[in-house]
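Chemist: Chain by chain, the residues run as shown.
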Amino acid sequence: RIKGQQLPPRKRLLAPSRGQRGLSAETGLPLTRSFGYCPSQPRHRCASQGCLYLGCFVKPDSGWKKPRRIQPTPYRLETEDKISSAACGYGFTLLASNTRDITKVWGMGLNKDSQLGFQRSRRDQTKAYEYVLEPSPIPLPLEKPQQTRVLQVSCGRAHSLVLTDSEGVFTMGNNSYGQCGRKVVEDEIYSGSHLIHQLKEFDSRVVQVVCGQDHSLFRTKKGSVYACGWGADGQTGLGHYDITSVPTKLQGDIAGVNIIQVSSYGDCCLAVSDEGDVFGWGNSEYLQLASVTETTQVNVPRHLPFKIGKVKEAACGGTGNIVLTEEGNVFVWGYGILGKGPNLTETAEPEMIPPSLFGCSDFSPDTRVAHVRCGLSQFAALTNRGELFVWGKNLRGCLGTGRMEDQYFPWRVTVPGEVVDVACGVDHMVSMVRSFT
Amino acid sequence: MAAPGLAGLFAVYKPAGVAWSRVREALETRLLRELNAAPQRAPRQQVRFLPRPAPEGGGAVELVAASVPVLADHPLVRGPRFRKLKIGAGHRLDVKASGVFVLGIGHGNKLLTDLYNCHLTKVYTVGGLFGKATDDFSDTGNLIEKTTFDHITREKLERILAVIQGTNQKALLMYSNIDMKTQEAYELAVKGLIRPMGKSPPIITAIRCLQFALPEFQLEIHCLHETQQYLRKVVHEIGLELKSSAVCTQVRRTRDGVFTVDDALPRTQWNLQSIQEAIRNCQLKVQTELEKTLAAHEENSPLHQLDGTQLSMLCRSLREQHNTAESCQRGDGQQKERG
Numbered sequence: 007r008i009k010g011q012q013l014p015p016r017k018r019l020l021a022p023s024r025g026q027r028g029l030s031a032e033t034g035l036p037l038t039r040s041f042g043y044c045p046s047q048p049r050h051r052c053a054s055q056g057c058l059y060l061g062c063f064v065k066p067d068s069g070w071k072k073p074r075r076i077q078p079t080p081y082r083l084e085t086e087d088k089i090s091s092a093a094c095g096y097g098f099t100l101l102a103s104n105t106r107d108i109t110k111v112w113g114m115g116l117n118k119d120s121q122l123g124f125q126r127s128r129r130d131q132t133k134a135y136e137y138v139l140e141p142s143p144i145p146l147p148l149e150k151p152q153q154t155r156v157l158q159v160s161c162g163r164a165h166s167l168v169l170t171d172s173e174g175v176f177t178m179g180n181n182s183y184g185q186c187g188r189k190v191v192e193d194e195i196y197s198g199s200h201l202i203h204q205l206k207e208f209d210s211r212v213v214q215v216v217c218g219q220d221h222s223l224f225r226t227k228k229g230s231v232y233a234c235g236w237g238a239d240g241q242t243g244l245g246h247y248d249i250t251s252v253p254t255k256l257q258g259d260i261a262g263v264n265i266i267q268v269s270s271y272g273d274c275c276l277a278v279s280d281e282g283d284v285f286g287w288g289n290s291e292y293l294q295l296a297s298v299t300e301t302t303q304v305n306v307p308r309h310l311p312f313k314i315g316k317v318k319e320a321a322c323g324g325t326g327n328i329v330l331t332e333e334g335n336v337f338v339w340g341y342g343i344l345g346k347g348p349n350l351t352e353t354a355e356p357e358m359i360p361p362s363l364f365g366c367s368d369f370s371p372d373t374r375v376a377h378v379r380c381g382l383s384q385f386a387a388l389t390n391r392g393e394l395f396v397w398g399k400n401l402r403g404c405l406g407t408g409r410m411e412d413q414y415f416p417w418r419v420t421v422p423g424e425v426v427d428v429a430c431g432v433d434h435m436v437s438m439v440r441s442f443t
Numbered sequence: 075m076a077a078p079g080l081a082g083l084f085a086v087y088k089p090a091g092v093a094w095s096r097v098r099e100a101l102e103t104r105l106l107r108e109l110n111a112a113p114q115r116a117p118r119q120q121v122r123f124l125p126r127p128a129p130e131g132g133g134a135v136e137l138v139a140a141s142v143p144v145l146a147d148h149p150l151v152r153g154p155r156f157r158k159l160k161i162g163a164g165h166r167l168d169v170k171a172s173g174v175f176v177l178g179i180g181h182g183n184k185l186l187t188d189l190y191n192c193h194l195t196k197v198y199t200v201g202g203l204f205g206k207a208t209d210d211f212s213d214t215g216n217l218i219e220k221t222t223f224d225h226i227t228r229e230k231l232e233r234i235l236a237v238i239q240g241t242n243q244k245a246l247l248m249y250s251n252i253d254m255k256t257q258e259a260y261e262l263a264v265k266g267l268i269r270p271m272g273k274s275p276p277i278i279t280a281i282r283c284l285q286f287a288l289p290e291f292q293l294e295i296h297c298l299h300e301t302q303q304y305l306r307k308v309v310h311e312i313g314l315e316l317k318s319s320a321v322c323t324q325v326r327r328t329r330d331g332v333f334t335v336d337d338a339l340p341r342t343q344w345n346l347q348s349i350q351e352a353i354r355n356c357q358l359k360v361q362t363e364l365e366k367t368l369a370a371h372e373e374n375s376p377l378h379q380l381d382g383t384q385l386s387m388l389c390r391s392l393r394e395q396h397n398t399a400e401s402c403q404r405g406d407g408q409q410k411e412r413g
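Protein chains in written order, with the numbering used here: chain A, 7 to 443; chain B, 75 to 413.
Some hints could be false.
Unchecked claim - Cβ pair distances, simulated, as ranges: (1) A:E332 - B:R282: 25 to 31 Å; (2) B:E258 - A:P371: 33 to 39 Å; (3) B:N345 - A:P422: 38 to 44 Å; (4) A:P371 - B:F286: 32 to 38 Å; (5) A:K227 - B:F286: 43 to 49 Å; (6) B:K265 - A:T79: 53 to 59 Å; (7) A:P371 - B:E351: 50 to 56 Å; (8) A:G315 - B:T241: 47 to 53 Å; (9) A:P422 - B:P340: 42 to 48 Å; (10) A:R440 - B:F286: 21 to 27 Å; (11) A:G315 - B:K265: 21 to 27 Å.
Unchecked claim - If you only want the chain A side, here are some residues facing chain B, beta carbon under 7 Å, derived: (12) S172; (13) H246; (14) T351.
Derived from the structure by calculation, the hints contain no laboratory data.
Even for Gly, the Cβ is constructed at its ideal location relative to N, Cα and C.
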């Protein structure tokens, strides 16, 4: 049932609001000036596409619209605050804003393991909702709720991580493998749990949190990486295949290396150092790490010797990986729909996707890919012109192309604005969009 | 009367303010005048026995043989040798627009249909003016609204242009009727060769801002299947997106397929000799483009449905046009005698 929350009415963007009228001297026609939108502050909004069935997100005005199971094109989500970070998990979404107000994080979708915190049910004050159909605020046990800012959120299969600037990392959700960073309690019931754990013991301030399927990675300011959670595929990178319930520092090839970015979504993990090297560990059943080893599980971070140039950003999916180099070239490897047509289904060495597919041509030679993101079996690339290109498996319309077929090469998604960031999930995606003018 | 050996495609620069049909008629009149003014063949001679009064006198008449021209061959009896020329027009331009206008003469008209089926892009230079909105989107229409435009910057305009280009790129891929799941579609997409080869709504393949001086701006637009009124509407919509309004002041076609402004003949050169030279210069370009497009889109074009004999006939007709144009070049200035 939808909560009876009144949302602000949708403002029409394109029609200029009739402002002050003055008579123009030449023809006597009134001069229209459109104001109401301050030109220096373009509006920010969220758009999402994909599976609606589980209520990963819901249309705010669904009170009068017929509810749909699938949203094949981007749909705008109305929120009161400007969203600075979003993350898609396996059936749920988290949105965070870096305001100083009390409410900083909203969540929607599955809540069977309390991955969205405790959502008090209106009918019964003691019970919690198992499905949240609207972006609902998540209460965080902050010491200074009016000073702390939320920097980033991340979602895994059934757990979520919230990174703050001064109070460490908050974890909630399923902890059967220790992915929340606390000791595993036997037969713990996660549904309707109030427990949100706080993690503070790292060598320096945590600057990035990443959730894999059932493990968590933390990157600190000093460039070291900590991991906890399930390790049967070696995705914790700690040298063993057991579960870890306390965040532990990773060694291996990344010991002493300043890591500037970590990424994971399934059971494989990638890290990028400040010198442009790529390190990988975890599952390698899909040839993700086959360039260095034949084994299918790697439990210690290994350097991947690719000769593709200095790497700027990496993203890891369920079966495929993608990196972006300093020159703006995009390389993919792994298994699945990689983006070079239906013939390329698996490769152990990175293959470049031609830049002409991202809109770079003789007419606009400065178009370059700025960011790359990965979902479980989809890829997304953002260009410096604010365009979003997606490819991969189109589960329940998550690519947002308007069609239900899989997309074998990068395809532009029509979004009414400049896309600033995108978060990919299993069967839905959320993008943060800035309006044009 | 059969074709005088003048056959092929050429481009003309249509000035603004005249309808395209007037241009075609003016060219036809001019060519006919020049063709008819050329020296005609001498009239046939025949031997006739003309009566002459006898030198003896007294009313007797004797017949003398004389070779006289046949009266039926007299120009005043026959009339002008050429009364009509088959001149066909390519992609039309409306009254307010100007620019490259492709025409075909004689057998060249068949090439016009082939060029149309190639679906090549056309390039326009479109001038716009911010601050006004009229009913027919051009600066000569009835004024509907005036708005302010001081908030518009070049950066905002370029962002809007990027959006237009992106949405039209999607339309391009969608209307090209290629199965997105094939490797071939991927390869064509990489090369940028995917084009709709059938009917489609107007599609803009590329758009960029050439000049920006408030309130005026100039855009270069590459498009397919468009009309000039559609381009004016695009200017109007750009004005709306920027929260102001705009009218279109100029639409000038700078390229139509393979014909550019350099190939287009200005009004001073609308005569027989320049036209023949223009046909000669362009025929090679046209032929290579046709062959390239027909080869690249073999599987998708309806030509694939033609069987071997029809295809060879089409190729033969292409070659014939080439030969005709060549022979026309050889017979420059001479009038061929064709029954």
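Chemist: Next step is simple, just say for each hint if it's right about the structure.
Modeler: Evaluation of the provided hints:
1. A:E332 - B:R282: 25 to 31 Å: Given about 27 Å between the Cβ atoms, the range holds.
2. B:E258 - A:P371: 33 to 39 Å: 26 Å, violated
3. B:N345 - A:P422: 38 to 44 Å: Cβ of N345 of chain B to Cβ of P422 of chain A: about 54 Å, so the range 38 to 44 Å is violated.
4. A:P371 - B:F286: 32 to 38 Å: 20 Å, violated
5. A:K227 - B:F286: 43 to 49 Å: 44 Å, holds
6. B:K265 - A:T79: 53 to 59 Å: Given a distance of about 28 Å, which is not inside 53 to 59 Å, the answer is violated.
7. A:P371 - B:E351: 50 to 56 Å: At roughly 37 Å between Cβ atoms, E351 of chain B and P371 of chain A fall outside 50 to 56 Å, so the hint is violated.
8. A:G315 - B:T241: 47 to 53 Å: Given range 47 to 53 Å: violated, Cβ gap about 32 Å.
9. A:P422 - B:P340: 42 to 48 Å: 45 Å, holds
10. A:R440 - B:F286: 21 to 27 Å: Hint holds: Cβ distance 22 Å, inside 21 to 27 Å.
11. A:G315 - B:K265: 21 to 27 Å: 24 Å, holds
12. S172: Since chain B brings no Cβ nearer than about 36 Å to S172 of chain A, farther than 7 Å, the hint is violated.
13. H246: Where the cut-off is 7 Å and the nearest Cβ of chain B is about 42 Å from H246 of chain A, the hint is violated.
14. T351: Cβ of T351 of chain A sits 11 Å from chain B, so the hint is violated.
The structure does not agree with the numbered hints 2, 3, 4, 6, 7, 8, 12, 13 and 14 stated previously, though it agrees with the rest.
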